[in-house]
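Take a look at the letters that make up each chain.
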Amino acid sequence: MAKRIAIVEDETAIRENYAAAFRREGYVVDDYEARGPALDAFESRLPDLVVIDINLKDDVEGGFELCRELRARSADLPIIFLTARDSEFDAVSGLRVGADDYLTKDISLPHLMARIAALFRRLEAMQKPQGTEGHITRGDLTIDTERMSIHWQDQLVGLTLTEFWLIHALARYPGHVKNRQQLMDAAQAVLDDNTITSHIKRIRRKFHAIDPSFDSIETVYGMGYRWLSD
Amino acid sequence: MNLRRQLLLVSLLTLMLPWAGCEFIRETEIALRTGQQQMLAGTARAVANSLVQYREEFPLLDASTATNDQLYIHELAARPEIDGYFDDWPLSSDSLRTIRGPDGPVRFALASFGQAVYLYIEVSDKNVIYATPQSLMAEGASRNVDRVTLASSSPPYLQESFSFAAEAPGQILSYKQTAYGFAPEATIFAYWQDVPGGYQVEARIPAGQLGTHLGISVNNTSDPQQSGTRSSSFTGRLPGPAMQEVDELNRIVATHVQSDMRLILTNSMGWRIATAGEVQADRDDSGSGLARRVYDLLVEQGKEAAFAEPDPLGRELQPYVSAALDGQESGSWFRNSDTGTAVVAVAAPIVDGNQTLGAVVLQQGTDAILSLRTEGLSRLIYLTLVTTFVVAGGLLGYATWLSRRIRSLSIAAEDALESENLTSALPSALADDEVGDLSRSFSWVLQQLGEYNDYLRSLASKLSHELRTPLAIVTSSLENLEHEPLNEASLGYTERAREGADRLRRILSAMSEASRVEELMSHAEPEQFDLRAVLESTASAYRDVYKERSFNFSSDLDEARATGSPELLIQMLDKLVDNAVDFSAVNDEIDLNLTGHDSVYEVSVTNPGPPLPERMRSQMFDSMVSVRGGENTRHLGLGLYVAKLIAEGHGGQIRADNVDGGVCFTVTVPRSKT
Numbered sequence: 001m002a003k004r005i006a007i008v009e010d011e012t013a014i015r016e017n018y019a020a021a022f023r024r025e026g027y028v029v030d031d032y033e034a035r036g037p038a039l040d041a042f043e044s045r046l047p048d049l050v051v052i053d054i055n056l057k058d059d060v061e062g063g064f065e066l067c068r069e070l071r072a073r074s075a076d077l078p079i080i081f082l083t084a085r086d087s088e089f090d091a092v093s094g095l096r097v098g099a100d101d102y103l104t105k106d107i108s109l110p111h112l113m114a115r116i117a118a119l120f121r122r123l124e125a126m127q128k129p130q131g132t133e134g135h136i137t138r139g140d141l142t143i144d145t146e147r148m149s150i151h152w153q154d155q156l157v158g159l160t161l162t163e164f165w166l167i168h169a170l171a172r173y174p175g176h177v178k179n180r181q182q183l184m185d186a187a188q189a190v191l192d193d194n195t196i197t198s199h200i201k202r203i204r205r206k207f208h209a210i211d212p213s214f215d216s217i218e219t220v221y222g223m224g225y226r227w228l229s230d
Numbered sequence: 001m002n003l004r005r006q007l008l009l010v011s012l013l014t015l016m017l018p019w020a021g022c023e024f025i026r027e028t029e030i031a032l033r034t035g036q037q038q039m040l041a042g043t044a045r046a047v048a049n050s051l052v053q054y055r056e057e058f059p060l061l062d063a064s065t066a067t068n069d070q071l072y073i074h075e076l077a078a079r080p081e082i083d084g085y086f087d088d089w090p091l092s093s094d095s096l097r098t099i100r101g102p103d104g105p106v107r108f109a110l111a112s113f114g115q116a117v118y119l120y121i122e123v124s125d126k127n128v129i130y131a132t133p134q135s136l137m138a139e140g141a142s143r144n145v146d147r148v149t150l151a152s153s154s155p156p157y158l159q160e161s162f163s164f165a166a167e168a169p170g171q172i173l174s175y176k177q178t179a180y181g182f183a184p185e186a187t188i189f190a191y192w193q194d195v196p197g198g199y200q201v202e203a204r205i206p207a208g209q210l211g212t213h214l215g216i217s218v219n220n221t222s223d224p225q226q227s228g229t230r231s232s233s234f235t236g237r238l239p240g241p242a243m244q245e246v247d248e249l250n251r252i253v254a255t256h257v258q259s260d261m262r263l264i265l266t267n268s269m270g271w272r273i274a275t276a277g278e279v280q281a282d283r284d285d286s287g288s289g290l291a292r293r294v295y296d297l298l299v300e301q302g303k304e305a306a307f308a309e310p311d312p313l314g315r316e317l318q319p320y321v322s323a324a325l326d327g328q329e330s331g332s333w334f335r336n337s338d339t340g341t342a343v344v345a346v347a348a349p350i351v352d353g354n355q356t357l358g359a360v361v362l363q364q365g366t367d368a369i370l371s372l373r374t375e376g377l378s379r380l381i382y383l384t385l386v387t388t389f390v391v392a393g394g395l396l397g398y399a400t401w402l403s404r405r406i407r408s409l410s411i412a413a414e415d416a417l418e419s420e421n422l423t424s425a426l427p428s429a430l431a432d433d434e435v436g437d438l439s440r441s442f443s444w445v446l447q448q449l450g451e452y453n454d455y456l457r458s459l460a461s462k463l464s465h466e467l468r469t470p471l472a473i474v475t476s477s478l479e480n481l482e483h484e485p486l487n488e489a490s491l492g493y494t495e496r497a498r499e500g501a502d503r504l505r506r507i508l509s510a511m512s513e514a515s516r517v518e519e520l521m522s523h524a525e526p527e528q529f530d531l532r533a534v535l536e537s538t539a540s541a542y543r544d545v546y547k548e549r550s551f552n553f554s555s556d557l558d559e560a561r562a563t564g565s566p567e568l569l570i571q572m573l574d575k576l577v578d579n580a581v582d583f584s585a586v587n588d589e590i591d592l593n594l595t596g597h598d599s600v601y602e603v604s605v606t607n608p609g610p611p612l613p614e615r616m617r618s619q620m621f622d623s624m625v626s627v628r629g630g631e632n633t634r635h636l637g638l639g640l641y642v643a644k645l646i647a648e649g650h651g652g653q654i655r656a657d658n659v660d661g662g663v664c665f666t667v668t669v670p671r672s673k674t
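Going line by line, the protein sequences match chains W and F.
In case it helps, my numbering puts the first sequence at residues 1 to 230.
In case it helps, my numbering puts the second sequence at residues 1 to 674.
There may be inaccurate statements among the hints.
Which residues of chain W face chain F? A partial, calculated answer using Cβ under 10 Å [as the list claims (entries may be wrong)]:
1. E11
2. S87
3. F89
4. G222
Here are the computed distance ranges between Cβ atoms for each label pair [claimed, not checked]:
5. F:V625 <-> W:L156: 26 to 34 Å
6. F:E648 <-> W:N179: 43 to 51 Å
7. W:L228 <-> F:H597: 33 to 41 Å
8. F:A489 <-> W:D59: 25 to 33 Å
In short, the hints are calculated from the structure, not lab data.
Note that the Cβ used here is the ideal one computed from N, Cα and C, for glycine as well.
Use the sequences and the hints to build the structure in full.
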C-alpha cells in the first residue's frame, strides 16, 4: 500500500513541485497550504509522513505549532521541516518541537527523496523485532543501520537523520579524516562549513549528555573530522 | 581663527567704553569751560563798566604817535643792583626790547621801582670807542664816541636827554642836555660794563628827572674821528609817551580780583596799564601719568599757557585782547603742556560813549575742573579697563568652555565613527543650547548612519533569505522537469538552467554566511586551544587544497594558547588565504606567520601581488565592498567582511598593509588569560 505523505506549504509552486516529485516516487500526496485545513484533515486520518514549512502565510511560526500538535498525537510519525529559514536557532527550535529532520529548501529533490525513503525504512525497521544484522560496533558505540539509531554505552542517543549519517560516515572508518565535502555527501545534504560545524557540536553535546568524557570525534583543523577508536 | 581668538577680538569692542567715557568727559569739560568763560566774561564786563568812571586815570593817547615809538616801563618787584648786569632784574630776558644796531641788536628795558626809573641796555659793538674827558665835555661832539642816550620830554614844553658814555668801564657819569646846556647829572647813577661783543649799561634815574615821553637811542662809532651811526627806539623827532602801570588803576582793579584770577587792564593801544592777581599755573596736580597722557590724546589742546602770561614787552597783543580793543568781547583758553593746568581768559572792552578806553582781561585757572576731570578720568580709565579685562577674560573663559565642548563633541563623533560604535552617547547631548542641538543632530546623523550600516550588513542575509524560496521553486521545477520526456535541446537547456540555479544557490549561501557567523559567534562556547597547532595543521591542509601555490608557515612560538572558536578562526583564515590565492600567481609563495606580543598574537597572511588601492583601505573590510577589478564579478565582497567579523568577535583586529611586492593581512588574537 502506497505511503501517504502530507505537505503543508504556503508556496503553491513549491508545494506542487514537491507533490509531483513524491507522486512520481509512488507516494500518495495530500497538500495543504495552511495549518487549519491540514489539522482538520489529520483529524480524520494521519498521513505516514509530514513535510512542514515553518512560515505558513501570516502564521509565522505555524509550522512549529503544527509539528507540536502532530507530535502530541503520534510519537513515531516522521515529521520533516522543509523551510527557507536557515538559522541555527530555527533548526534547534524545529528539532526541539519533535521534528525528525530539519532541511532547508536548498536541498535537491533526490536528496529529499533519499531522506524520506530513509525515514520510512527506519520506521519499518522499528516495527520489526530487533536483530543484530546491520550493526556496527566501535568500542562504546553501536550503530544500528537498519533502525538508524545509535547507542553509546548501551544508551540510545537521540539523533536526527543528518546527525546519524554524519556519525555513520565517521565511525565506519575510524581514524580516517572525513572532510566537509565527504560528510556532506554522506548526509545527503548541501551544507556549508558552518552548518557542519554546528552539527558536529550538537552531536558532541548529545554524547556528552550521556558520557561527559566523550571525545571520540576529533577536529582536524583545516581538513575535517575523524572518529577515534579506543 | 579659532573661537577663542574670535571672541577675544569681539571683546575688544568693550574698548568702546573708555572711548565713550572720554567723549563724555570731553563734552563735560567743554561745557564747564564755556560756563566758566561766560561767568568770567560777565565779571570782566562788570569791571569794564565800573572802570569807565576812572577814564581820567587812563594814560593820555596821542593818536599821532606810532606805538613803536612808545616805551614801556615795567614794574619791578625788587630793587636791582646797578652793576651793568641784567640778571638781578626780576624780569625775564623776553622783556628786553630789541632795536637794530650797526653791529647787531641793541636790547634794553626800562623799569620802575619806588621813585626811580631803571634803565638797562646791552649794545652789540665790535669796537667800543670810549670817550675822553674832552669829548665828554664837548657838547654835541659826542657823536664820535659810543654812547647811549635817553631822550625825555613832556610835550609841548620839555625836551631833554641823558647821555651815557664811558671813559672806561665801571661807574660812569651821566650828562643831561637841556635847552639850557649840557652838564653832568649827579642824581643819575650809572654803570658801564664791557662784555664780549659789546657793552652793557645800567642806570638809575630819579623819576622826577623824566618826562612823560621817553626814547632810547644808541650812537655806535668805530673811529673817534668819525661820527657814529645812531639807532633809536623812536622814528620821529620826539619819542612817544612811555607806558606803565598806573598806581591808581592798580589799586582799583585789585579790588576786583578773586583768588587764582588775574586781571590785566590795557589802554586802547593794548599797553598794560594795570594788573592784579595771579594765575597759579604750575601746580602739580597732573594725576596719574597715564591719565594725563590719555587726556592729552583725547581732549582738545589749548594754546600754550605761556601765552596767557602778561606780555613781557608790556603790550597785550593776543588776538582775543585785540578783538576786545576793537569793541568785541572775546575769550580764549590756554593749557600748560607740562602740568595740564588750563587758563580761561576773556577780554572785555571798556567803552566810554563811542570811544574805547581800553580792555579788561580776566584770566582764571581751570584747576577745579581739571582736577575733577583727571580724577574722573583716571577712575573712568581704571573702571573701563577693569571692565574690559573682566569682559575679555569672561569671553575667553566662555570661549574656552564652548570650544572645549565643541571639540569634545567633534572628537567623540570622530571616535564614534572610527570605532563604529555609532550609538554611543555624545557629550552635551542634554544641553539646552545650540551645542546641545548640534550634539543631538550629530547623534541623530550617527544613528542614521548606524542604522544604514546595519541595514547594509543585514542586506545580504535578508536578500539571500528572500531569494531562497523562489530559487527553491526554480530548482524543484527543474528537477521535476528532468523526469519529463525531453528532447536533446531541452535537456541541454535544463542542464544550463540547473547550473545557473546552482550558482545562484552558492551565491545566496555566501551572502548569508556573515549572519550565520555572527549567530555562531553569539552562541559559541569559547574553548582554549593552541593557535600554533591549528595554524600549522591548517597550512598543511591549504597545501593539499591549493596545489598551485606553496604555503610557508613560520612562528617564533612553540605554543600559543588562545581562547575562542578555532573553527571560526580557520574560517577567517580560509577567507584570507582564498583572497591571497586569488591575488597571487601560480607557484607564488604565500606566507603564514604567527608572532607573539605582549597581550596578543599576530597572525599574518602575506602574498605577492598587486598592492591594495589606497582609497579602499578603510572600506575593504566592509560588507559588499570588493577591491577586485571588473573581470572577476563572482566576489560580492563578503569574504573580508566575514574575516573581520570573526577577528573582532575574538576581541582582535584585522588590517591590511601593502608590503614590498605584495599584500599582508594581519589579525591580532588576544592571548588566553589563564
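Hints, one by one, checked against the model:
With a least beta-carbon distance of about 6 Å to chain F, the hint placing W:E11 at the interface is held under the 10 Å criterion. Contact between W:S87 and chain F, as hinted, is supported at the beta carbon level, the nearest pair being about 6 Å apart and thus within 10 Å. About 7 Å separates the beta-carbon of W:F89 from the nearest beta-carbon of chain F, less than 10 Å, and the hint is met. The beta carbon of W:G222 is positioned within 10 Å of a beta carbon in chain F (closest approach about 3 Å), and the interface hint is therefore held.
Remark: the range hint 26 to 34 Å for F:V625 to W:L156 is contradicted by a beta-carbon distance near 50 Å. A beta carbon spacing of about 28 Å between F:E648 and W:N179 contradicts the range 43 to 51 Å that was offered as a hint. Look at W:L228 against F:H597: about 35 Å separates their beta carbons, and that is inside 33 to 41 Å. Roughly 43 Å separates the CB atoms of F:A489 and W:D59, a value that falls outside the hinted 25 to 33 Å.
In this structure, the hints that do not hold are numbers 5, 6, 8, in rising order.
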